[in-house]
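Chains as they are written, first to last, in the numbering used here: chain A, 1 to 95; chain B, 1 to 483.
No wet-lab data here; the hints were simulated from the structure. Be aware that a few hints might be false.
[Claimed, not checked] Quick list of in silico lysine-lysine cross-link-like pairs, DSS-like style, CA-CA up to 25 Å:
{"hint": "1", "chain 1": "B", "residue 1": "LYS299", "chain 2": "A", "residue 2": "LYS66"}
{"hint": "2", "chain 1": "B", "residue 1": "LYS138", "chain 2": "A", "residue 2": "LYS92"}
{"hint": "3", "chain 1": "A", "residue 1": "LYS92", "chain 2": "B", "residue 2": "LYS366"}
{"hint": "4", "chain 1": "B", "residue 1": "LYS366", "chain 2": "B", "residue 2": "LYS404"}
{"hint": "5", "chain 1": "B", "residue 1": "LYS180", "chain 2": "A", "residue 2": "LYS66"}
{"hint": "6", "chain 1": "B", "residue 1": "LYS404", "chain 2": "A", "residue 2": "LYS92"}
{"hint": "7", "chain 1": "B", "residue 1": "LYS301", "chain 2": "B", "residue 2": "LYS180"}
If you're wondering where the values come from, they're calculated on a predicted model, not measured in any experiment.
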Amino acid sequence: MSIDNSTVKKVAKLARIEINEEEETTLITELNNILGWVDELKQVNTDSVEPMLSVFNESMQMREDKAESNFDNSQILDNSPESNSGFFVVPKVVE
Amino acid sequence: MTYVIEGKKDSWQVVLGLEVHAQISSKSKLFSVASTNWGSDPNTQVELVDCGMPGALPVINEYCVDQAVLTGLSLNAEIKKLSIFDRKNYFYPDLPQGYQISQFEHPIVGKGHINIEIEGKVKKIGITRLHLEQDAGKSLHDQDIKNSYIDLNRSGCALMEIVSEPDLNSPIEAAEYVKKLRSILRYIGSCDGNMEKGNLRADVNVSVKREGEKLGTRCEIKNVNSIKFIQQAIEFEAKRQVNIIENGEKIIQETRLFDPNKCETRSMRSKEESHDYRYFPDPDLPPLIISDEKVNSLKEKLPELPDEKKDRFMREFNLSSYDAEVIVNDKDTALFFEKLVKGRDSKVVTNWITGEVFSYLKKINKDMKNSGIAPEKIGSLIDLIVDEKISNRQAKEVFHEYMKSNDDATTFIEKKGLVQLSDQSEINKIIDKVLSDNPKMVDDYQNGKDKLFGFFIGQVMKISKGKANPKLVNELLVKRLKE
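This is chain A alone, in the form it adopts within the complex (with noise of 0.2 Å):
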């Protein structure tokens, strides 16, 4: 499996991340590199092995239904850039 610049670009969009052509190219190896690797290790036969999803061999924890207020409005907006009436404000996304 091979990336070339259009794939670049599209997961760097998907991400939200810019890049430039210098940086695009340097992207187009080290991904090759990565999968490359990634074709390496799956010439390794694991037909009779479970995936392993996590390193720790164990269940969820869970909690039980309670509800809290930890956090007031004021600290829940302090880090946006602009808010009003207790609200968010972010340039209009609409249908």
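With chain A fixed as given, assemble chain B onto it according to the hints.
Relative to the frame of chain A, chain B by itself:
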């Protein structure tokens, strides 16, 4: 009856699959301790996980897991002992994490089914899966010309996405499916089913095909939030697709939005590029393991479900299939019925509930649960009718006024002077007056004009101001006219 769309050239069938999003009625969110309370001030129920703070770790709410299992059981579905949470990646201002925690390859509930009934016929609708996921925040677009406003109170609330097989073939079937699903969710209490608040909403997949053809390309109509809109959206979308194909063009698979004001669907261009969600298992969350003990103990908590209750009501109270369906659809109505029917005639009780009580609820814009109507309030009125203290007609006439009063039925009708006239000699006096006032009518009647009987009854009722016992009037009038 098969639903068919007649195009200019051919007849077309509709194939529908629904993805229903049901918000779980939990106190706190799926992965955070923030409250799920509806209608609070914006951004007052937000924890670090919900606003996507780096390093904030999600911890799952056991109640939500239990509700998903309970719902799975009530959909006759397979409960998966192991399920995985994945990240669904996309950027939108109401999704501060930049991904939604959802389940992709390994959902918590697998295949199941529910039954719907159309015109007396039962149809089995397959359930593909049910998975748990986070809800997004809310965007408001009409506050400001240039900006959108974001409220994260809903961000992170627990949703069950229930996906159906493409087994639905008409707007009415889709409507019945959602109604049945909502009824089941309310019976087990996993979701309040409130579509106005957005606690239950559906994505509708629509495609069309000629008979015998393979499935056509589908379009997905996002976030339809009423049963009426679901039907309207399907009707519009199916016709749109038929027109396109008959004009020799192709359907493009896309996400569309239903506009209830214009009653049409339109393309959501912004969603086109985001379809590449790059799912991967969320490294913050180990697999969710559900023990047999948990499943078994939840099975024991499963209440009697609508279908079972309907069968029992038909058996125990001799209700027709239609009446039973109407009564059991809402859990609280079914409960009300069971209390009211004790020691009373089931047919009379059913008629009063589905007639007067339902129209009263509609008028005061409440449902059975929040109406606070006590079964005895209706029961004592029905008893007076059965005991022939008042007529059915009298009871219906004063019903709304009676519901507003705090009196019991006996006190109320006494205050209103509504006692039914059941004294034979009194009624006979009125009958005599009516007959002697209308000698020509009596002649005509006795010469075969049977229809005039209703006229005599009407006159008697009029003179008695509606108080005469109609059954008695009937009997006595037949007797007098024969003389």
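Evaluated hints:
1. Proximity of LYS299/B to LYS66/A is assessed by CA-CA distance (about 24 Å); at most 25 Å being required, the pair is judged to hold.
2. With a CA separation close to 13 Å, the supplied pair LYS138/B and LYS92/A stays within the 25 Å bound.
3. Proximity of LYS92/A to LYS366/B is assessed by CA-CA distance (about 37 Å); at most 25 Å being required, the pair is judged violated.
4. For the suggested pair LYS366/B and LYS404/B, the alpha carbons sit about 14 Å apart, so the restraint of at most 25 Å is met.
5. Distance restraint check for LYS180/B and LYS66/A: the Cα-Cα separation of roughly 30 Å exceeds the 25 Å cut-off, and the hinted pair is therefore not satisfied.
6. A hinted pair counts as satisfied when its Cα atoms are at most 25 Å apart, and LYS404/B with LYS92/A does not qualify at roughly 49 Å.
7. With a C-alpha separation of about 20 Å, the suggested pair LYS301/B and LYS180/B falls inside the 25 Å cut-off, and the hint holds.
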